[in-house]
Amino acid sequence: MSDTTVLAEERIAAPRGRASSRIRSWLSGYPTLLTYLISISVALGISALLVMMTGTSPWTAVVALYEGSLSTPASVGLALDKAAPLLIVAAGTVIAARAGLFNIGQEGQLTVGATVACAVAIFVPGPGPLVLVLSLLGGALAGAAWAGIAAVLFYKTGVPIVIGTLLLVFIAVQVLFFAVTQPWLLQEAGPEGDVMPPQSELLRTEVWLPHIGEYPGLNFTSGVLIALALAVIVAVLLRHSVWGFKMTMLGMNKLAARRAGINAAVLGGTALLWSGAFAGLGGAVMLVGGNHRLQPGISENSGWDGLLVALVAKENPVFAIPVALFFGVLRAGGGFLASTGVPRYLVDVVTAVLVLAVAFPPAFRILRRTWQARAAARALAQSGKGAAA
Amino acid sequence: MRPELLGASPVHGEAAPAVELQGITKRYGTTIACDDVHLSVASGEIHGLLGQNGAGKSTLVKILLGLVSRDAGQILLHGRPTEIPDPFAAAELGLAMVHQHFSLVNELTVWENVTLGDTGRPDADATCELVRSIGERYGLVVDPLARVEDLSTGQRQRVEIIKCLRRDPGILILDEPTSVLTLSDSRELFSVLRRVAQDEQRTVILISHKLDEILNATDRVTIMRSGRVVAQRRTSEVDERELAREMVGRELSKWVAASALGNLDALVDPALSKDPAMFTAVRPVEDRPAVRMRIDSAVASRDGRPLLQGLTLELRAGEILGLAGIEGNGQHAIGDLLSSLLPLDSGEVRVDGVPVPAGRPGAMHHAGIGVIPEDRHQSGCVLDMSVAENLVLSAVPSVSRRGFVSRRRMRERAEELIERFEIATPSPDTPMRDLSGGNQQKVVLARELSQQPKILVAAYPTRGLDVGAIEYMTEQLHEASRAGIGVLLISTELEEILTLSHRIAVIHRGAVVGEMPRMDVDIERLGMLMGGQQA
Numbered sequence: 283m284s285d286t287t288v289l290a291e292e293r294i295a296a297p298r299g300r301a302s303s304r305i306r307s308w309l310s311g312y313p314t315l316l317t318y319l320i321s322i323s324v325a326l327g328i329s330a331l332l333v334m335m336t337g338t339s340p341w342t343a344v345v346a347l348y349e350g351s352l353s354t355p356a357s358v359g360l361a362l363d364k365a366a367p368l369l370i371v372a373a374g375t376v377i378a379a380r381a382g383l384f385n386i387g388q389e390g391q392l393t394v395g396a397t398v399a400c401a402v403a404i405f406v407p408g409p410g411p412l413v414l415v416l417s418l419l420g421g422a423l424a425g426a427a428w429a430g431i432a433a434v435l436f437y438k439t440g441v442p443i444v445i446g447t448l449l450l451v452f453i454a455v456q457v458l459f460f461a462v463t464q465p466w467l468l469q470e471a472g473p474e475g476d477v478m479p480p481q482s483e484l485l486r487t488e489v490w491l492p493h494i495g496e497y498p499g500l501n502f503t504s505g506v507l508i509a510l511a512l513a514v515i516v517a518v519l520l521r522h523s524v525w526g527f528k529m530t531m532l533g534m535n536k537l538a539a540r541r542a543g544i545n546a547a548v549l550g551g552t553a554l555l556w557s558g559a560f561a562g563l564g565g566a567v568m569l570v571g572g573n574h575r576l577q578p579g580i581s582e583n584s585g586w587d588g589l590l591v592a593l594v595a596k597e598n599p600v601f602a603i604p605v606a607l608f609f610g611v612l613r614a615g616g617g618f619l620a621s622t623g624v625p626r627y628l629v630d631v632v633t634a635v636l637v638l639a640v641a642f643p644p645a646f647r648i649l650r651r652t653w654q655a656r657a658a659a660r661a662l663a664q665s666g667k668g669a670a671a
Numbered sequence: 014m015r016p017e018l019l020g021a022s023p024v025h026g027e028a029a030p031a032v033e034l035q036g037i038t039k040r041y042g043t044t045i046a047c048d049d050v051h052l053s054v055a056s057g058e059i060h061g062l063l064g065q066n067g068a069g070k071s072t073l074v075k076i077l078l079g080l081v082s083r084d085a086g087q088i089l090l091h092g093r094p095t096e097i098p099d100p101f102a103a104a105e106l107g108l109a110m111v112h113q114h115f116s117l118v119n120e121l122t123v124w125e126n127v128t129l130g131d132t133g134r135p136d137a138d139a140t141c142e143l144v145r146s147i148g149e150r151y152g153l154v155v156d157p158l159a160r161v162e163d164l165s166t167g168q169r170q171r172v173e174i175i176k177c178l179r180r181d182p183g184i185l186i187l188d189e190p191t192s193v194l195t196l197s198d199s200r201e202l203f204s205v206l207r208r209v210a211q212d213e214q215r216t217v218i219l220i221s222h223k224l225d226e227i228l229n230a231t232d233r234v235t236i237m238r239s240g241r242v243v244a245q246r247r248t249s250e251v252d253e254r255e256l257a258r259e260m261v262g263r264e265l266s267k268w269v270a271a272s273a274l275g276n277l278d279a280l281v282d283p284a285l286s287k288d289p290a291m292f293t294a295v296r297p298v299e300d301r302p303a304v305r306m307r308i309d310s311a312v313a314s315r316d317g318r319p320l321l322q323g324l325t326l327e328l329r330a331g332e333i334l335g336l337a338g339i340e341g342n343g344q345h346a347i348g349d350l351l352s353s354l355l356p357l358d359s360g361e362v363r364v365d366g367v368p369v370p371a372g373r374p375g376a377m378h379h380a381g382i383g384v385i386p387e388d389r390h391q392s393g394c395v396l397d398m399s400v401a402e403n404l405v406l407s408a409v410p411s412v413s414r415r416g417f418v419s420r421r422r423m424r425e426r427a428e429e430l431i432e433r434f435e436i437a438t439p440s441p442d443t444p445m446r447d448l449s450g451g452n453q454q455k456v457v458l459a460r461e462l463s464q465q466p467k468i469l470v471a472a473y474p475t476r477g478l479d480v481g482a483i484e485y486m487t488e489q490l491h492e493a494s495r496a497g498i499g500v501l502l503i504s505t506e507l508e509e510i511l512t513l514s515h516r517i518a519v520i521h522r523g524a525v526v527g528e529m530p531r532m533d534v535d536i537e538r539l540g541m542l543m544g545g546q547q548a
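Quick note, the sequences are listed as chains A and B, same order.
Here the numbering used here is used: the first residue of the first sequence is 283, the next is one more, and so on.
Here the numbering used here is used: the first residue of the second sequence is 14, the next is one more, and so on.
The following block holds chain A by itself, in its conformation from the complex (with noise of 0.2 angstroms):
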């Protein structure tokens, strides 16, 4: 009916050859489901061949993990408190992504974020609830502050986002490190000459975050709740609210955007506020929620994870959930599976196979996309008729 959409489908049907066209059009029938099943398939199939290698039975390796994540209540509550942190960051993420802003350095914001929530935690006197409170906001506002820099060098100076935000990850690394080996910053006091591993003082249990449930019952941190909430915040704000319609606007248009007057330097920039906010306020969580202490590497990736899940959920809040859950398994299973023998890494491997066959089949089809229309251009080109925009 439409130019366009005859266009569309002209790229897609610019066939090449017949022999597998048959069997070409039944997969692109079902392209989702079929290609979901072949890619995770082979992904099962490379992370059982890597475990075989170290010595395991994969099926020793699939009960260790089940036992580490699921057999019990409280297994399910360590697998939920991994999550957590996951969901707060990918949301986050997710807002940036709308407004089309490719927000890449969460592992720094979340850094940073837990260094200053410690930093709060530890020097802000006053009730442990509304310390525990600043110390969560202090989080949150330390990772906008991170993003916020990333922010500035791209609308100001024009240096993208990609680039911009993925350095800062390394210098959020080591203004922590460099936090925790100065006494005078936040470095656990020691007896005089003692010679103090770099790490913060374990946090009062005041400004720790409640913990619902007993062991050996189902039993989590209520960052768990915290993570839910915001998931769904931002799904109802991005769905409902003007300001979601208008970051969609920008993040599909940016020309029409701003021909709707909207500024894409304060919209936008804001996006990539929020966006590190939600990775800080997930590394606050992290630290008075788990650890309680501030040490190099509290990350555990968490920031790297969680752009993997918003990736996996196609920038859907909601859909974001399940993905971290399962990422959630994967690293509280993960640690018990290294104590059947397993290397650790070797789960960092299986996961990342598992979300490599998760991001195949959109990735696979734009990619078929791609390759229709680059011959098509150049059969056109051939034919002396210049190639097809």
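The set of hints was computed from the structure by calculation and includes no laboratory data.
Among the hints, erroneous ones may be present.
[What the hints assert, rightly or not] Some chain A residues near chain B, calculated using beta-carbon distances under 10 angstroms:
{"#": "1", "residue": "S523"}
{"#": "2", "residue": "W525"}
{"#": "3", "residue": "F527"}
{"#": "4", "residue": "N535"}
{"#": "5", "residue": "R540"}
{"#": "6", "residue": "R660"}
[As the list claims (entries may be wrong)] Cβ pair distances, simulated, as ranges:
{"#": "7", "chain 1": "A", "residue 1": "L537", "chain 2": "B", "residue 2": "A159", "range": "24 to 32 angstroms"}
{"#": "8", "chain 1": "B", "residue 1": "R160", "chain 2": "A", "residue 2": "I515", "range": "50 to 58 angstroms"}
{"#": "9", "chain 1": "B", "residue 1": "D358", "chain 2": "A", "residue 2": "I515", "range": "41 to 49 angstroms"}
{"#": "10", "chain 1": "B", "residue 1": "E425", "chain 2": "A", "residue 2": "V600", "range": "21 to 29 angstroms"}
{"#": "11", "chain 1": "B", "residue 1": "P410", "chain 2": "A", "residue 2": "Y627", "range": "49 to 57 angstroms"}
{"#": "12", "chain 1": "A", "residue 1": "Y627", "chain 2": "B", "residue 2": "G317", "range": "49 to 57 angstroms"}
{"#": "13", "chain 1": "A", "residue 1": "L537", "chain 2": "B", "residue 2": "E120", "range": "19 to 27 angstroms"}
{"#": "14", "chain 1": "B", "residue 1": "A85", "chain 2": "A", "residue 2": "V600", "range": "41 to 49 angstroms"}
{"#": "15", "chain 1": "B", "residue 1": "E162", "chain 2": "A", "residue 2": "F452", "range": "39 to 47 angstroms"}
[Unchecked claim] Stretch-level coverage of chain B by chain A, calculated; a stretch enters the list once three of its residues show a Cβ under 8 angstroms from a Cβ in chain A:
{"#": "16", "segment": "383 to 395"}
{"#": "17", "segment": "405 to 412"}
Fair warning: this is a prediction, and the values are worked out from it, not measured in the lab.
By construction, the Cβ of each residue, glycine as well, lies at the ideal position given by its N, Cα and C atoms.
Given the coordinates of chain A, assemble chain B onto it according to the supplied hints.
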């Protein structure tokens, strides 16, 4: 020149036609793009393929070029049934096409563009020589060492045609070739085509929706409507009235036919002023109504290039001011300025006497300036959002409460606008991407007008639209002006300017160099002003 050719054509009639399409059918879902199409084109003939947008011309040609596979029917080249599975095959069979939108690399020189797509080491000297020799043979003079970005639109098209001709095609297809050309460039193009067809017995297929060029340039014409061939005529035996009727499927007033279908001569014909449609169109606005907008000595530049150089313009309530000029003389800049996309170095814009900060996002919009941008599908709408969402874009607050968008109110508003502006869409939730160009344009128009603007800027509002949609746009712009809106019409097509405007201003090198009321229009003077000569 045509009689000679007609005399020759019976000879070709006996020989097998160069191209013959039999019973070509193509469906997209439930839409039939081509319905049992028969077309026969002889060697040495310029054959017009006339039809409105969406009539199936493009699909037909794409089938011929192997870009689209047909559902049924047969292709015969010189009498032999031929399969054209892909564009490679089409090229080998000597089919070449000049597309409506150029595919040139602006940063490269002409010869580099011509050699683009070849394999092996590029040979500058040989390619330059080739460009020169083709240029001499057909009168397509262009400097092979010039960079494409420094060329005029007409020259760029020459490069496109050279790219085709160097492959020595037997069949040359041109898609709406004059939509980007000036009057004299178009005439030049037709004489080139005449040479290609007549002297070398090549076949030329000219796709167009303009009656003028079909009448001036072709030997025979095939008219398509809604995917079917409705008529095939010798061009010498038809007049524009008949072509228009066949193409649109109903009788048009001479005025509409002239303006919508591109017939400049008719537009300045004094006899036409008796036409009632003409009367409402060009009637001068009475007793000098209030100045709605004033642009005063606007100076603007981008990346060091001057865009506006002291442009001054006054727009009154209820008038349509046509801003005529040759492409690239500041029209974009005016559009951008009034869309808050361009800040001013000096000068100012006032709406109802109040200065508007140029370049601040949304400022012009808030001041009451609605814009129908020229690239409507790029910056006038968001293709991945629904029709309903596109109908509110800048007016979200009007359908929301406490920061939340009311889906119900948005839908109600969309349904009302869809009905009022006759937008053809399956539902308000249909993605904008799925609408035809004409309907996308209507969505943009509906959105801008529904916000009760004081001023409406319409840039190339009928570009690429079919007759029905052009009539519709024309009527809507007139209605807007009758409602007291000041309409600024930006266009490079004189037909469009002459049809719509009450007053005409000419833009040249970023400044207004002259103006005249539509009633006293003087084409000669207009042309001189557009060319930058004092007149």
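Hint-by-hint comparison with the structure:
no.: 1; hint: S523; in the structure: holds (5 angstroms)
no.: 2; hint: W525; in the structure: holds (7 angstroms)
no.: 3; hint: F527; in the structure: holds (5 angstroms)
no.: 4; hint: N535; in the structure: holds (4 angstroms)
no.: 5; hint: R540; in the structure: holds (6 angstroms)
no.: 6; hint: R660; in the structure: holds (8 angstroms)
no.: 7; hint: A:L537 with B:A159: 24 to 32 angstroms; in the structure: holds (30 angstroms)
no.: 8; hint: B:R160 with A:I515: 50 to 58 angstroms; in the structure: holds (54 angstroms)
no.: 9; hint: B:D358 with A:I515: 41 to 49 angstroms; in the structure: holds (45 angstroms)
no.: 10; hint: B:E425 with A:V600: 21 to 29 angstroms; in the structure: holds (27 angstroms)
no.: 11; hint: B:P410 with A:Y627: 49 to 57 angstroms; in the structure: holds (53 angstroms)
no.: 12; hint: A:Y627 with B:G317: 49 to 57 angstroms; in the structure: holds (54 angstroms)
no.: 13; hint: A:L537 with B:E120: 19 to 27 angstroms; in the structure: holds (22 angstroms)
no.: 14; hint: B:A85 with A:V600: 41 to 49 angstroms; in the structure: holds (47 angstroms)
no.: 15; hint: B:E162 with A:F452: 39 to 47 angstroms; in the structure: holds (41 angstroms)
no.: 16; hint: 383 to 395; in the structure: holds (count 8)
no.: 17; hint: 405 to 412; in the structure: holds (count 4)
When the structure is compared with the earlier hints, no violation turns up for any of them.
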